[in-house]
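Visitor: First to last, the protein sequences are chains G and A.
Read in order, the letters of the first sequence are residues 1 to 158 in this note's numbering.
Read in order, the letters of the second sequence are residues 1 to 158 in this note's numbering.
Some hints could be false.
[As the list claims (entries may be wrong)] Residues from chain A that keep clear of chain G, each with C-beta distances beyond 10 Å, as calculated:
{"#": "1", "residue": "9"}
{"#": "2", "residue": "21"}
{"#": "3", "residue": "53"}
{"#": "4", "residue": "54"}
{"#": "5", "residue": "57"}
{"#": "6", "residue": "76"}
{"#": "7", "residue": "111"}
{"#": "8", "residue": "147"}
[As the list claims (entries may be wrong)] Below, computed lysine-lysine pairings styled on DSS-like, alpha-carbon distance capped at 25 Å:
{"#": "9", "chain 1": "G", "residue 1": "4", "chain 2": "A", "residue 2": "45"}
{"#": "10", "chain 1": "G", "residue 1": "31", "chain 2": "A", "residue 2": "45"}
{"#": "11", "chain 1": "A", "residue 1": "87", "chain 2": "A", "residue 2": "130"}
By construction, these hints were calculated from the structure, which means they are not laboratory data.
In this text the structure is predicted, and so the values were computed from the model without any measurement.
The beta carbon of each residue, even a glycine, is placed where N, CA and C say it ideally should be.
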Amino acid sequence: MAEKQIYYEDVEVGSEVTPIAKVASTLMLVKWAGASGDFNPLHFDDNFAATQGTGGIIVHGALKRSWLGHLISAWAGDEGYVKKFSCQYRGMDYPRRMASMMDPAEGETWWCKGAVTNKYVEDDQHVVECEIWVENGQGEKTTPGSATVILPSKKAKK
Amino acid sequence: MTEAGISDEIKAMIGTMTEPSIMEVERGAIRRFADAIGDPNPLYKDIEYAKNSRYGEMVCPIGFFGWPIKGGGLEQMMGMIMPAMIKAGLFRILDGGVDYEFFIPIHAGDTLTSYGKVADIREREGKSGKMLFITMEQTYLNQNGDKAAVARATIIAR
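Work the whole structure out from these sequences, hints included.
Guide: So this is what it looks like as structure tokens:
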């Protein structure tokens, strides 16, 4: 990103991964269906969803995964590199309905967050491990995960 | 109710490989993906910016794997494994999560060949009875034959 690059020396265990807010709306779910090719009607059709025992249409797990991809790649910056990434789909999330053509109704906001859990140098690479997660409006971590990022080092910078 | 669990028929599927599938990483698909998830990173949108970056081209977002870049033969694998699972009374399928490892950057214009494998099948006792955790592993090679990424998807059957 065109933002300030983070370096290995800037982070310690416990450092926060810069959080990002997301609003899942029915519009976003439809855009995601089109962009991803996942056309399971569980994510856009109320009548179908009512037969699936989910309590309504739900946010795609893969969309939440991609939010976390946004979180960690934005934090790592153009000079950082995400080496490993994982997440688990633990809880269901329900999108906001649309109040107008463009704007979702008032309601829940999701936060993508993370924290550094380990840092070390291995084979001249400056490695930072993070736990990451998507948190719903009730503060529940519906999509926990982890990431391993190679950050640039100020020492290696010429 | 049928006795649920790993039958020899299911166990024998560990190690099964699928036919390779070939996918192009398209600039337009990357743009639509970034737009759908609300990621403003210019590496996914702006060709001039990307050309001047260390990557020299638009790059593939992390969450791109799974959807829209599908796992090599994931559907084929599920097709092979489903009849045995249904016979075992395990017909409710959940997406449990993903685990990625990246080896080299993947650029717009790359052609990926993906090989799928049933990496593991484990049985666990859940609240509502037995569950199977099926790990599908996909290995992606780029057009030069270099290993670009490995994705492991966990499918839960109950």
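Visitor: Is residue 31 (chain G) within 25 Å of residue 45 (chain A), Cα to Cα?
Guide: Measuring from Cα to Cα gives roughly 16 Å; hence the hint holds.
Visitor: According to the definition I'm using, a residue is off the interface if its beta carbon is farther than 10 Å from all beta carbons of the partner; does residue 53 (chain A) meet that for chain G?
Guide: Given a closest Cβ separation of 6 Å, the condition is violated.
Visitor: Just to be careful, I want the Cα atoms of residue 4 (chain G) and residue 45 (chain A) compared with a cutoff of 25 Å; is the pair within it?
Guide: 19 Å, holds
Visitor: Keeping to a limit of 25 Å between CA atoms, is the pair of residue 87 (chain A) and residue 130 (chain A) held or broken?
Guide: Answer holds: residue 87 (chain A) to residue 130 (chain A) is near 14 Å, not above 25 Å.
Visitor: Beyond 10 Å from every chain G Cβ: check whether that's true for residue 54 (chain A).
Guide: 7 Å, violated
Visitor: Once the closest CB in chain G is found, is it more than 10 Å from residue 57 (chain A)?
Guide: Non-interface label on residue 57 (chain A) holds, nearest chain G Cβ at 13 Å vs cutoff 10 Å.
Visitor: Take a quick look at residue 111 (chain A) and tell me if its Cβ sits farther than 10 Å from every Cβ on chain G, holds or violated.
Guide: About 18 Å separates residue 111 (chain A) from the closest Cβ of chain G, which puts it past 10 Å; holds.
Visitor: So is residue 9 (chain A) really clear of chain G, every C-beta pair being over 10 Å apart?
Guide: 28 Å, holds
Visitor: Should the label of residue 147 (chain A) as a non-interface residue stand, given a Cβ cut-off of 10 Å to chain G?
Guide: 13 Å, holds
Visitor: Find the nearest Cβ of chain G to the Cβ of residue 76 (chain A) and say whether that gap is larger than 10 Å.
Guide: 16 Å, holds
Visitor: Taking the minimum C-beta separation from residue 21 (chain A) to chain G, is that value above 10 Å?
Guide: Label holds. Min Cβ-Cβ 13 Å, cutoff 10 Å.
The structure is inconsistent with the numbered hints 3, 4, although it conforms to all the rest.
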